[in-house]
Amino acid sequence: MASITLKNVTKVYTSSQSVGGGLFRKNKEKKKDVVAVKDFSMEIKDKEFVVLLGPSGCGKSTTLRMIAGLEEIDRGELYIDDVLMNDTESKDRDVAMVFQNYALYPHMSVFDNMAFAIRKRIPDKKEVDRKVREAAGILGISEYLDRKPRELSGGQRQRVAIGRAIVRNPKVMLMDEPLSNLDAKLRNQMRSELLKLRKRIDATFVYVTHDQTEAMTLGDRVVVMKDGEVMQIGKPDEIYSNPASLFVATFIGNPQMNVIPVSAYRKSEGFYINLFGKELALGVEYSSTLSKRNESFIPLMLGIRPEYITLDDGGGLFEGEVMISEHTGNSIIVHMNVDGTEIVALEEERNRREINYTQDSILHFSFSLSDVYLFDAVSGLNITYGVGNGQ
Amino acid sequence: MGNNVKSLKKRRDNRRVFLLLLPITLFAIAFVYFPFIRTIINAFSKVNSKGVVKGFAGLENFIYTYSRKDFLPALRHTLTIALVNVPLTLVITLSLALLSEKKRKFSSVYETMFTLPMSVSMSASCMIFKSMFSPSVGFINYFFSLKLGWFESSDTALFSCIILTVWMGIGFDYLLMLSALRGIPKSVMEATKVDGISLPRRIFFVEIPLISPTIFYIFCTNLVLCMMTSAPMIIIMGVSAESSATNTLMSMMYQSGFSSSDYGLAAVLSLTAFVLTLLFTILSFMTERRRVHYEA
Chain P
-13 MASITLKNVT KVYTSSQSVG GGLFRKNKEK KKDVVAVKDF SMEIKDKEFV
37 VLLGPSGCGK STTLRMIAGL EEIDRGELYI DDVLMNDTES KDRDVAMVFQ
87 NYALYPHMSV FDNMAFAIRK RIPDKKEVDR KVREAAGILG ISEYLDRKPR
137 ELSGGQRQRV AIGRAIVRNP KVMLMDEPLS NLDAKLRNQM RSELLKLRKR
187 IDATFVYVTH DQTEAMTLGD RVVVMKDGEV MQIGKPDEIY SNPASLFVAT
237 FIGNPQMNVI PVSAYRKSEG FYINLFGKEL ALGVEYSSTL SKRNESFIPL
287 MLGIRPEYIT LDDGGGLFEG EVMISEHTGN SIIVHMNVDG TEIVALEEER
337 NRREINYTQD SILHFSFSLS DVYLFDAVSG LNITYGVGNG Q
Chain Y
7 MGNNVKSLKK RRDNRRVFLL LLPITLFAIA FVYFPFIRTI INAFSKVNSK
57 GVVKGFAGLE NFIYTYSRKD FLPALRHTLT IALVNVPLTL VITLSLALLS
107 EKKRKFSSVY ETMFTLPMSV SMSASCMIFK SMFSPSVGFI NYFFSLKLGW
157 FESSDTALFS CIILTVWMGI GFDYLLMLSA LRGIPKSVME ATKVDGISLP
207 RRIFFVEIPL ISPTIFYIFC TNLVLCMMTS APMIIIMGVS AESSATNTLM
257 SMMYQSGFSS SDYGLAAVLS LTAFVLTLLF TILSFMTERR RVHYEA
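Protein sequences, first through last, are from chains P and Y.
For what it's worth, the numbering used here labels the leading residue of the first sequence as -13, then goes sequentially.
For what it's worth, the numbering used here labels the leading residue of the second sequence as 7, then goes sequentially.
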């Protein structure tokens, strides 16, 4: 049993920058507070797998390190199993951590690396031996137990690091970008192994990554962060299909969502937008939200995911000139120039029809207005987020 | 044709390398290799008081040296200094480095304090110690209410010399230890924290093995220092002239070579110290393979 509760957890770094100063002049120090994590609040349920996702420098690793006890919490509270942990030392929190660069003890064998932490706790040598061999068996590193870390490949080292964490049988398992030092193929393989592993380990997982595929496939819930703030917390499909803001919408999804600046204007029966010279009526769900704002002219950002755009030779609503098309094997990504705006469309290879994707050819495309997201141009918030879906 | 140009270029490269290495080579020949070979020659020759070789002596010089009454005490003193100084320096510098490992607000203050002995010249520190440990006016005796003769009494002279050599060596070795400790990957230390490894286990099973190359380096250089170069200090302290309580192989060599012009004796003594040091170094390099971990 291990639930984790974070209440307004905040971390502020004071960075001193020296400004000016030469050989004989004294450097002036400028103190500046940098908020690394701001008011992070979340309840993580027992045995849940939560992924913290965001670009580098967004505070996701700092949050993880605060849970681990490697960073002090400046404001807010952290509870593990309803026990306040702010001032509890790392070793008394019953957490295990897997580091990005493995952090193995280079002078110890694989066996010793895994046994080192539990030797003091379990006096029975045979029991230690059994636990290490069991973990090694699960991770497929049984034959390397006598080797030193430097004799192993990156993937094997990361398995040892995971093994070192699981022999301890911790309540909370923390992983800080564990796969980002591996090459693409190994990363995919380890990812699916982590999925299997998770079912065998009775622990609550908090996993940090900047890779959206890892986040979407591994997480029960995903926390999207930016500049130290939580942007959205939700199940992976929710984050994808119902993004709270423009940032989340463009951060999740590959290729990135198309964003087109538009303006909504009121006409007798509802709201309309003008898109590439075509006047389109917005659906009721949009109109009802927009009508609450007493403005007749509202600047918006229209988002449409590339996979929801349908291409054809003729008959589509809009027209674009092909700039480049990328063949990735199972799909084709087409970049089009539509009145000076770049629109990206993704067509799956098996749906491919007899369309000319070559450069400079003219393509028609269309999409359904129900697949479109509208964001406030100023705040970037999804104008229909939390409306009608009970959130 | 192409081959010719290549070999010409290679020859020119070789010449440049040779020219660049020439100054240091000349320097090494003049001050290291020539004296070394000369010492070996002297040890096996009859040498007059002007330093001129007057024929082959065989083992005569060795028999003469080893049968002298003051040889064994000097050997014993040299080994005692090495045996006490080397481990003591390691323990002190490692402890200081472990204490100051973490960067704190006043780190730079005590880091400077610990490294300060480095900046005091040897003769100056000898004089300072002499006055500090003086039985009549020194504050050490006064402060600890002792009545010891320190450098003056033959019971404590060697011990006092060891204190002085350890103190002089601390600064630099501390700096090496500290940078080695700070060079341990941060995440490895964090892993020990999260895994709840206790402080003694962390020090003995993680930190010391990881900085073992530095420890080994300090061990070897200190060993050589104690065996081969502790003489000037002992000569400056001026104790060996009156009493033989602190005479080492090197200070004995200095006296025989420079004061009494007994070059045969001096050569045998330096050769003896050299062979002993070489032996110890070989022994430590043999243990190095098992105990020292070179990896990041």
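I should point out that these hints are in silico values taken from the structure, not numbers from a laboratory.
Given the structure is predicted, the values throughout are model-derived calculations rather than measurements.
The reader is advised that the hints may include incorrect statements.
As the list claims (entries may be wrong) - Straight-line Cα separation of at most 30 Å, DSSO-like style, residue types lysine-lysine; simulated pairs:
#1 Y:199 with P:33
#2 P:77 with Y:108
#3 P:134 with P:-7
#4 P:212 with P:31
#5 Y:109 with P:24
#6 Y:109 with P:17
Sort out which numbered hints this structure fails and list those numbers smallest first.
-> Violated hint (a single one): 3; every other hint is consistent with the structure.
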